[in-house]
Structures are given as structure tokens and as C-alpha cells.
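Just so you know, the sequences run in chain order A, B and C. Just so you know, the first sequence maps onto residues -2 to 512 in our numbering. Just so you know, the second sequence maps onto residues 108 to 268 in our numbering. Just so you know, the third sequence maps onto residues 34 to 358 in our numbering.
Since the hints were made in silico from the structure, they are not lab data. Glycine is no exception: its CB is placed at the ideal position from the N, C-alpha and C atoms. Possibly wrong hints are sitting among the right ones.
[Said to hold, decoys possible] Pair by pair, the computed Cβ-Cβ distance ranges are:
#: 1; chain 1: C; residue 1: 138; chain 2: B; residue 2: 181; range: 39 to 49 Å
#: 2; chain 1: B; residue 1: 232; chain 2: A; residue 2: 436; range: 23 to 33 Å
#: 3; chain 1: C; residue 1: 208; chain 2: A; residue 2: 472; range: 45 to 55 Å
#: 4; chain 1: C; residue 1: 340; chain 2: B; residue 2: 137; range: 38 to 48 Å
[Unchecked claim] Among the chain C residues that face chain A by a calculated CB cut under 8 Å, a handful are:
#: 5; residue: 87
#: 6; residue: 103
#: 7; residue: 140
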Amino acid sequence: MDQILQILAGTSVVFQPLSLLYLSVGFFIGIIFGALPGLTSMLAIVLLLPMTYTMPMTYALIMCMGVYMAGIYSGSITAITINIPGAPSALMTCVEGYPLMQRGLGAKAIGHATIGSAIGGTIGALLLIFVSPLAIKLALQIRTPGKFSLILFALIIIVVVEKNKTKAIISMAFGIMLSTVGMDPLKSVSRFTFGNPNLIEGIDLTTLIIGAFAISELFDQSTVNNAEYQKKTNAASAYKFKRRDFFPSLAEMKEIGAMTYLKSSLTGYVIGILPGAGASMAAFVAYVEAKRTSKHPERFGDGAMDGLVAAETANNAMCGGALVPMLSLGIPGDGTTAIILGVLMVYGVVPGPDLLVKQMHVMAPMYMALLVAAAVLMPLSLFLFGPYYLKIVKINRLVLYSSIGLIAILGVYAATYSAFQMAIALVIGVIMYFFKKQKYPNVPFILAVILGPLCEEYLRTSLTLSNGNPLVFITNFDSLFFLLLTVAFAILLPRANRRAELLETEANCKTKGTV
Amino acid sequence: MKTTNPYLQSRVIIPACMQIALIIYVISALQMAPPIVKGMLSESSFPVMIFLIATPAAIKQLLDGLKASKKELAEAKAETVTKKKSIKPVLTVVIMAAFILLFPILGFAVLAPLYVFFFMLVYDDKPQYILKKIIYALLISAVVYVLYVIVFDIRFPQIWR
Amino acid sequence: MKKVLVLLACLILASTTLFAQGAPEEYPSKDIEFVISSGAGGGTDAISRKVSMLAEKELGTSIYFVNKPGADDAVGPNSLMGAKPNGYFIGNLNYGSIINAPFTGLIKGYDLAKLEIFALITQEPDAIMVGKNSPYKTFDALIAAAKANPGKIRVADQGIGSRVNLLALKIQELYGVQFNMISYKSSAPQREAILNGEVDAAITSLGDFAPLLSSGDAVGVVEFSTKRNAGYPEVPTSQELGLSDTLLSGSFLTLAVPAGTPAPIVEKLAAAYGVATNSKEFTDWTATVGVTPDFRSGAELKTFIDTKIEGETKALQALKDAGII
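With the hints as extra help, turn the sequences into a complete structure.
If you want it as C-alpha cells, here you go:
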């Protein structure tokens, strides 16, 4: 109860003018990055990471929350208007939203997507606020062997939820290999420096993140043909919508049904808690469920408003869910929370129960920021900027990408003051570019970079506790629990996945058909 | 018709390189210490585990890649490979590498506008609107300078320091 | 088009030379770079920034910070060794940079002779802490328990070869006992281990355990110092308990410039930091984080450093010879 009160006290911090400014700036950046195909909210936070070095942590986190919420929501804008998902999580929105756009209902579709996102985001944030104190109490009981098993659980689940599991393992192994360069965590020896003195300090987290997410993306985007891109966006901006077109009527929302909103929110939240399963999966599962229970499933795939709403509600509800394990256990729920965890690490804050017990005054505003972003900023931004949403895609690509190119590479310098680390970021960017071309997933990579060193540390500490006896992982209750959980999920998830994959390929074909 | 060797494609090269990297990694780990010293895990134990887990995955991926290439060869549809590849990613890498190499010497004020300018040049479909690009380059550099140096107090190398 | 480019480049170059004209006058005439040997957010980082903020006022210039963490706090000092000795580059050295780094030789060419250490700012003695329900609330009880159950008493340290690990090994040798030493990466997991009862005792500074000590979840058994800690006056010192002086241990923060920096500049810096360290603002602040301001410079500082290096290196060498590290 105590902690809930503290969180409410965080409200006052969020409503200070400076905090609101940071939150709005973050939200605005999130909208832009989320809406533009190829750019994601994750990349936005990656670029902000080195800048947050000199900012008070509370503001940095508030800003991240704005980017996070907005970035996932705004992927729906381009999905609806030009049939390209601005963020991967908006794929299902494409399927339902673009047919609506073609029928001249684009504004209404954006409106429904926004309101759905706002409802989902709000429910997710509220659940985060009320559930996390409980999660922390439980987390405090976990001893080192339990922590190891928990990380093992996370790492295995990340692989299991990916489509191509061998590629996920390779991507993860690459991340762990890079993270082991430098000093051993528990002993004064250096590893894998190959005689290069520059490598003794290891590869900085910022270097890894910017290389893998920002720089590799820049290579990828360089091949896009500007003229073709412009043609597509021009078609979208030919539509003219009035402000009131954007707001859905209550009757329409009733038709979609309160159950759809509630069920999708809960689905999104729970999927968010699972490590590695991010917004895309949340949107997809909620969509399938909406289709199953819909009164008119035949409309799905050709502009079903309830399908669009289910997907958008779920992917924003995911945000609150993904933060629960990140804050209470230090296990990020998706790629973006992994980077936010990186922000915390930059401030020397060790995630886990210790963080929330001691630094609640720092964390509380972050919770409220997430809530405000969903409940207030989302509808507000629709009201203020709705008609301009169709123009976001018209931002000059050259200016945008060259700015990102400069900010990204300087970001590595700002974080490390080292040209050597900049060079490493470039090399990692090149490697990850090839990985991406061959569809190696990058979420296992980033989670491995962050969790790998902890996994090793906990493993070795656990075994010193038991004098080298590996049975310690079974005799400790918490550890045994997570191991059993791992086994259960490893068996159940692939089954659920196989069914989902079939449906998804179907949906993919449909999107391609209409482009 | 000259086409790239179907076996020399990234679907084969990536797992092969990964396997080589893993082998170097594990050898370098074992040179430091045996995985278990006096009944306790040493600094090389975790890398050895990673090697043991990733090796089967890399080999499976390698075999899959080879199989796919073989199939392609059998179907004699090699012309699909000849799809013209853009050199733009390579140029982007070159620009970045040049920036990183020269940054400590020439500093922000000289290098940033040039970098942004060439970056835009590569990103554009063809060399056009040069003056516009120069103006943009100067503006972007100025904005980034204000952001990093003035707002966030981060010092970059400059030619006069 | 090329002409425009060339012109542009010339313009930029011209403007840069203009900036470069400012002739050096009295020190300091420009900003000073401070290389911090640890990452942003840690204790070393906080102390360095706080004291420099106060020293800025004395020097009348601004000091900006560059964090270069890694390799037992040796990466930062190593980069300082290569900086120009003009007084515009300073940095901090702590226990790891002075004792461990030269001993392990991780970085080639790392040599303390390339630096001039000009001030000691703070000291932070190590201590033994136990949980509130622990049966070993005194040093004697802990040693007796370790004697009765060899290898059973679990003590949390910060990694093999770390300062606190060294201290635990010294205690083992001195009293002929055997602990089960558990390595944690930093003080945060040490705190958690005490909270959930995973270990029997932890060794690190009292300041690191501040939240647990004030909430009563942890109890300080002994601080390895000569004077009681102002923040935690209830914890006895090792000297009071009559323990050997060889057990005196703790981290400290010193400041250095590259060797060859002109003497007047070094004196000016030392004086500024002296005023800053002894200021009321700084002493008030350090009490809240559990470190002790202890400004020393000149010959006094040299003796301090030399005895530290001699004593600790001897201990490390003994352990290395015994094959423990």
C-alpha cells in the first residue's frame, strides 16, 4: 500500500511544467519515429540514450515513457494511410485499416486506433501501478540461484517465441560473446581482448545498442528509392479530413464492445510480461481472439473496425506489462524496455527489487508518465494534430536520415569519448545489417547483451554458495519454480505459435497483395 | 552469364563465420583457464557453455543454407541471384568510417557538415539540389551542436583544441 | 559545385583559426577536463563531481567530466597518462587504480610514475556487516563461528582479487579460519544477499549499506579504521577492538595530473581542491553518503600513498605466491 501512495506522490512530479515538457517532447518524438516506416520508438530511445547522460534520471525516464507509448501507437498511422506499418506491431492494423482508408474512412480508423490505444495504454499503466508493488515483494525473496533460473527462463522464452529458433540462438550467442569482452565480472582478469588494450574496457552498452539498432538501420534504409516513396505518400496526402472526422462516436464504440477493449488490454498486458514477446505478438494474439469471438468474422481482413481496435488496444497495453518484470526483476519484457533498462544502467541503477524499494521517488513519476501519456496525451494529440498525421510521412527523408546518422555516431562518442568505440559500433552495425538481411531476429541479441553478463554472474555466484554443487538450482524453491516454468512454457508456447504463424502468413499475403 | 557462386551467399557465410568466431572464442577462453578450477567455475566456463549451445545452431543454419543453395542450383534459376545490388550501403559505411577516422583530428565543426552533406548525397536517388543540401548540412550540424554541446554539455573534439 | 565546397571548407577553416588565437594567459584560461575512473552514477563519480563543483568556484573556470570506466579503475588514469601536462587535464585515482592495476599489469604501459598525485580527497573504510537476525553481532562471535565451522560461514565480497576480498583473506590468515567467500559484482547484490539471508556477513564500506543500516535490517560489526565513522558512531573501530593494523582497509579517492605539469599549476589545483574538500557544504554532503573527507597533499600524501602501495602489494604478492589469486 505504501508504494502505491508513493506512486501517487509521483503524480505531482509529472505535472511539473518541466516534466510535462519532457514527456510531451518524448511523445512527439515517439509519434514521428513510430509513424515512419523503418524507424521505431526503440531507435528513438537508442538515440536519446547518450543524451540522457547529463539529464536528471527522472526526466530521462519520463521522456522514455512518452516515446515508448507514442511510438507503438503511431505505427498505426502509416499502416492505415499508406498500408506500410510504421512499427512492426501495426501489421494487423494494416490489414484492417487500409481497406477503411480506401473507402474514405481513414480518419475514423485513425480515431478508433487512437482511442483503443489510449484505453489499452491506460489499463496497462494502471495494472503496472497496482501489480508491481506485489511483484516486488515476491522478487525480494528470490535468491541468487533463483535469479539465475529466472534469467535462464527469460533467455529460453526469447528463443522459443521467435519463428526461427536456430537464428535466434545464433543472434543471442553473438550478443553474449560481445558482452563478455573486457573485464571478468567477478575476477580481476580481462577476457577476449586479443592483446588490444582498447578492448580492456569492454564494449560499451551504448556502442552495442547504437551499432545494432541505429547504424545497421541506416545501411538498410539507404537503398530506399525516394521517388517511389514520395509517390506513395503523395497518394495518402490527397485525402482531406476534418478534425471531427477523427472522433469515433459512442455508438460505434458500443458496437465494438467493452469486452473487446478489456480482453485485448489484458491480453496485451500479460504478453508484455513475458520476456521477449513484444507488441507485435500482443497485437496479433488480441486480433485473432477478436476474430474468434466477433459477430461478423467475415468482415475481418477487409476493414473490420473491431479487429483494428483489438490489435491497437493490445499493443499499447503491452507497455505497462513489459515494464513489470523489467523494474521488479531486471528482465525486460521487450526490446524497448531492454533499452530503457540500459538507460537505468547508465545511471548506475541496478534493476531489481533493490531499485524499487530504495528509489521509489525516482521511479514513481515514470509510472505516472506512462499513464498520462496514454490517458491524456493520446486523445489530446489526436484532437490537435489529427489532420496533420497524414503529412508525417512527407518529412524529408534525406534530412531525417542524415540527422540520425550524425546523432547516432556522435552518441557513441558522447557515451564513451572514444573513437575506438565508434569504430566498433560501425563494425557491429555492418554485421547486424547482414544478420537482418537474413532475418536473424535482433531482440534476442539485445536481451542477450543485457542479460548475458547477469546470467554468468548469478551462475558463478550460485555455485560458490553451494560449494560447486549444481543441485543448488533444484533444492532452492524459487529456482525450482522458475525451472519448471521454463519447461512448461517451452512446451506450450511453440504449439500456440504454430497456429498463429499460419494465420500470420495469411495476413502477410493479404498486405502484400494490396500494395 | 556470370552469377555469384550460389554457395557464397550470406545465408551460408553468416553461419560459417559465426562458427569460426565461436571456435576462436572458445580457444581464447580455454587459453585463459580451464572451465573448472578447484571445483569452481572459472572465467572461461561461461564462454565454453555459449560455444556448446551455439555450435549446433550454427551448424544447422549452415546446412540449411547449403541445402537452399543446392536446391537453387538444381532448379537452375540462377538468374534470380543477378538482381542488381545497390552500392549505397557500402557508401554509407565508407562515409561513416571516414568520419570516425577523422573525427579525433578534424573535430566536429569541420567534419559534421561534410558528413551530413555526403550522407544526403548517398541517400538521394541521384546527385541533385546540391546547394539545398549544403544549407541543410549546415543547419543540421548547428542543431546537433546545440543539442549535444549546449543543452547536454558534451564536449567534442575541435580542430582548434 | 566543387568550388562552393572548397570555399565552404576554407571559410570553416578560417573561422576555426580565429578561435584558436586566444593566447594562454594566467592559468586557468579555459575549461578543465576531469577524467573519472568509473561509470556515471557510482560513488566515485558522485564524489568527483561534487568536490569539483566546489573547486570550480575557487579556480574560476568550469570543469567538465569524462567517464572512462573499466579494468579495475585503470582505464581512466591510463588515458590521463597520455594527456598533455598543461593543467587542463586532471583525473581521479582510487584503490583499484593505485593498487590492483599496477599489480595485475592488465594495461601495458600503465605506470603511476606518469602521473603526479596531488590530493587525497576522501577515505571510506571497509566494514563487516551482518543481517539483523544474525547470531554473530560481534567480531569475536564471527571468528569463533568460523573456527567452529570451517568453510561454512558465507561472506559476501566483491570478486576475487578485489579490495574486500583481500581483506577477508587477510582475516582468514591472521586468525587461521576459513570462510566460504561468495563473489558479488558490487555492493547492490551484496545488500540483497544480506536481506534474503543468502550470506552470513558482507564486507564493504558502511556507506554502501546506508539504507539497510538506517532501517535496521543490517548491523555493522566492525569498521576497519582508527576513528569512528561520523555517520555510524555505534559501529566500533578495529583499533578499539585491538585488531592488527594490517587489517586497516578501505577505498580512497585521490586526484592526479599528468607528470610534468608545472609546479605552480599543481599547487593552485591542490589549493582549490583543499578549500573545496574542507568546505562545510562538502563535509555535510559526505556525512550523508558515509565517506570521510580527509584532505592531504604534498609530503603527507606521498607517505600515505607509499605505505598503502607497499602494504597492499605485499599482501597481494603473498596471496599470489600461495596460488589463491
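Here is how each hint holds up against the structure:
1. 138(C) - 181(B): 39 to 49 Å: 58 Å, violated
2. 232(B) - 436(A): 23 to 33 Å: 27 Å, holds
3. 208(C) - 472(A): 45 to 55 Å: 31 Å, violated
4. 340(C) - 137(B): 38 to 48 Å: Holds: the Cβ-Cβ distance is about 40 Å, inside 38 to 48 Å.
5. 87: 19 Å, violated
6. 103: Result: holds, 3 Å to nearest chain A Cβ.
7. 140: This hint holds: residue 140(C) lies near chain A, its Cβ roughly 6 Å from the closest one there, short of 8 Å.
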